[in-house]
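Peer 1: For this one, chain Z is given, so just place chain D on it according to the hints.
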Amino acid sequence: MMLRIKRVPTVVSNYQKDEGEDAARRGGGCGRNCLQKCCIPGAKLPLYTFKRAEEIPGDKCVLEHDDNQAPVAFLDSLLLGQWEDRMQRGLFRYDVTACETKVIPGRCGFMAQLNEGRHLKKRPTEFRVDKVLQPFDGNKFNFTKVGQEEVLFQFDASEDGEVQFFPDAPVDADSSPSVVAINVSPIEYGHVLLIPRILECLPQRIDRESFLLALYMAIEAGNPYFRLGYNSLGAFATINHLHFQAYYLAVPFPIEKAPTRKVTTLGDGVKISELFDYPVRGLVFEGGNTLQDLSNAVSDACIFLQDNNIPHNVLIADCGKRIFLLPQCYAEKQALGEVSSELLDTQVNPAVWEISGHMVLKRKKDYEEASEENAWRLLAEVSLSEERFEEVKALIFEACSYTLSEKEDEHLTQGAGDDKPPLEGTGSINKGRNCNMVSGTQECLVLQ
Amino acid sequence: MEPPQLGLIEQSFNSRYSNWAREALDELPDNFTITDPCISGHPIVFASRGFLKMSGYSRDQVVGRNGRMFQGPNTCRRSVMEIREAIREERGVEISLLNYRKDGTPFWMLFRMAPVFGKDEGRVIHFVAVQVPILRRRQRRRNGEGLCGEILSNSCRREVCSSSSVELAGVSAADSDCRALEIEEKCEASDTEKQLAATAISNVLSVLTHYSESTGRLVCEKRFGPSLVSSSLHISLGRIKQSFVLVDPHLPDIPIVYASDAFLRMTGYARNEVLGQNCRFLTGVDTDPSALHQIKQSIQAQQACSVRILHYRKDKSSFWNLLHISPVRNATGKIAYFVGVQIEEGSVDRHGLSPEMRQLSVVGSIKVAVRSSSMSYSIH
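Those protein sequence lines, which keep their order, are chains Z and D.
Following UniProt numbering, the numbering of the first sequence begins with 1 at its first residue and continues without gaps.
Following UniProt numbering, the numbering of the second sequence begins with 1 at its first residue and continues without gaps.
Next comes chain Z alone, as it looks inside the complex (with noise of 0.2 angstroms):
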């Protein structure tokens, strides 16, 4: 049985339109400048390239920088000025500062933004809500059809390992650049798209490579209010290709206020930990004796959920420091009919600034009426039941452990299940398959 939800998509890009207009245009060039084949020769956009930290644990860089009293660090000069360009070049729908925002008066501290011009009036479109990995469509909107002026800059390693920008450097195709693109309907200011190696096109899926550029991002920023947020399909992602979503606000969220338990350190130091008292449950990963310790630990956690169909969201907080990893089933429920009106009626998708605090109302009397209860009764919802997520857990910490055990072991195990992916070309096992898990039913798995 297939689980579909309605919902009207949020609009990115300038250049996304509905199915039925994408579809007319497949033909023929495009005749303006986006990035696909037709208008990439000869394209140029500023390049930033970061300083790799191979050899620095995890919080070497952040001492440098984590205090909201450090001097700007200059890619966050970069991306504020270019940002300040697009809103008065008026490429955004709207104007995020108008809107009104606050902090629901309580303890947890949730923060509402009454945002009437961010969902459109449109016919809400079916989104299929039961599998979390699906193929790339290149006939849907992707991000290789934004305009380049959409396109803020170029974001990769340096080769010489030194922090460099190059205010005008050719796009090329061949070394696989990664962008760094406006969302033209911001929940924030500083609103923006991650897109890891645009030009492969890659699918909704977390790998290693690509969180681990996600990281490096948001420690080069420098600022702990600026954070990198990942929503999986199935928990409210709504293109199918490889994004992640940050943006600034200088005030705590609630999730990074919540209490934690720790539950586990790793070989390679990575320290895990749970939430409590906070209507989602989740993990936190801090810690590790390397980065890539650290961003390792939580892409295979991702991995080993997308490929057992559990949908989920990730944020990336304090300069790459505490990440949280949160599974849900809201979009399930909401499929199964199991979700109350007055919830949908608020029109709130909960993705992962939603259950990290962060709630975009459309409605002026949703915004008015917004209370701490409200909020969390939203985001109890969105979580795992106790025993769902205690199995996920245990799951979760196999998959992690599993990759330690087996750095020197070559064997590929074959995993249950013929419809899973190929192996990333990252050299190490994905543990996942080695559960001989049933994958694709939510309601059911079995542990070996």
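Hints are not guaranteed to be accurate.
[Said to hold, decoys possible] Okay, derived cross-link-like pairs now, DSSO-like style, lysine-lysine, Cα gap no bigger than 27 angstroms in a straight line:
1. Z:K364 with D:K334
2. D:K241 with Z:K51
3. Z:K364 with Z:K6
4. Z:K257 with D:K194
5. D:K334 with Z:K362
6. Z:K17 with Z:K140
7. Z:K365 with D:K241
[Claimed, not checked] What follows is a list of derived Cβ distance ranges for each label pair:
8. Z:D277 with D:H250: 51 to 59 angstroms
9. D:A301 with Z:V8: 58 to 66 angstroms
10. D:A262 with Z:G106: 35 to 43 angstroms
11. Z:K362 with D:H250: 23 to 31 angstroms
12. Z:R4 with D:P252: 46 to 54 angstroms
13. Z:S371 with D:R49: 30 to 38 angstroms
14. D:H250 with Z:V8: 35 to 43 angstroms
15. D:P252 with Z:R363: 34 to 42 angstroms
16. D:T209 with Z:E387: 54 to 62 angstroms
17. D:P252 with Z:A98: 24 to 32 angstroms
18. Z:E159 with D:R101: 36 to 44 angstroms
Note that these hints are calculated values from the structure, not bench results.
All C-beta atoms, glycine included, are put in the ideal place defined by N, C-alpha and C.
Peer 2: What follows is chain D alone, placed relative to chain Z:
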């Protein structure tokens, strides 16, 4: 990041408190630091003898630096966040924190911080932070049992103490290296230690209050009257290294309510000479009136604009100012300020950013700062 000039640090202290204040503070046995959130980098401006002894650093190594220098890999990030937020919200905080001495050894201490308000400004001018080392107790760990009863009953973070011990027993039963575990766990302060912290804070605050009277620039423990630009906004704005001013269009004659250090350096004025003034003091005989008119019109139309205008420094020398002005809204969605970002024609940016891009990045940083700092109901 280079530490701010010693001159600024000295002035932070000397302009507020009489000379005897340092002596009086030096007589206190407690460990404490005094920091100035209005100086870029929020540096320490005073460190007590006790503090220097506890941390193993000399005065020169500490004054001018930010408190994060004492943090290290095992310092709890969430605790650091709590302190950061308390600073931003101009309130006190008390929390156990793991710090590192100069020789690299970690130690737990009870960190208690309190704001000091300037009576005239109505905003925080200093933070006083007291550090009470938490003495290590014999911690026996048995399956199912909590930590030493004393800690458990005094802990206000009961969930951490009681549950972490159970988890630890389960996860690393083989790990008998108690010292490593102790560092990782949250270490709670005893009632005595908390009392010491409270007394210390009180001692320092009374010295500061007393010795501020003779300078005429009184300080107090509670905010007095509304503040024009909150100190949390001050801190955010302090991170921006370029020249800019914030003006308030709602006040008569649209005065400057904030001026960056770089602006003061560029124009040669002191801060108290520009705050409260309209920007027209920058104009002179050869300033083009049509440029002024353009600025006025943009402000009225609530729009951004860029002009090239001839401005004059305090010493009467002139310079071409590539001025960019933009409205800045706060959390209500309405315009709260206008920002003016100045770039001296011909100056070069080391990163290769064009003047326009540099200015826009300042505008962006300010928009984020103003919007975010006005979101919390507690700030108003």
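Peer 1: Decide, hint by hint, whether the structure agrees.
Peer 2: Comparing the hints with the structure gives:
no. : hint                                   : verdict
1   : Z:K364 with D:K334                     : 17 angstroms, holds
2   : D:K241 with Z:K51                      : 23 angstroms, holds
3   : Z:K364 with Z:K6                       : 23 angstroms, holds
4   : Z:K257 with D:K194                     : 23 angstroms, holds
5   : D:K334 with Z:K362                     : 18 angstroms, holds
6   : Z:K17 with Z:K140                      : 9 angstroms, holds
7   : Z:K365 with D:K241                     : 42 angstroms, violated
8   : Z:D277 with D:H250: 51 to 59 angstroms : 41 angstroms, violated
9   : D:A301 with Z:V8: 58 to 66 angstroms   : 34 angstroms, violated
10  : D:A262 with Z:G106: 35 to 43 angstroms : 40 angstroms, holds
11  : Z:K362 with D:H250: 23 to 31 angstroms : 30 angstroms, holds
12  : Z:R4 with D:P252: 46 to 54 angstroms   : 60 angstroms, violated
13  : Z:S371 with D:R49: 30 to 38 angstroms  : 50 angstroms, violated
14  : D:H250 with Z:V8: 35 to 43 angstroms   : 38 angstroms, holds
15  : D:P252 with Z:R363: 34 to 42 angstroms : 39 angstroms, holds
16  : D:T209 with Z:E387: 54 to 62 angstroms : 57 angstroms, holds
17  : D:P252 with Z:A98: 24 to 32 angstroms  : 25 angstroms, holds
18  : Z:E159 with D:R101: 36 to 44 angstroms : 40 angstroms, holds
Hint compliance for this structure: hints 7, 8, 9, 12, 13 are not met, and every other hint is.
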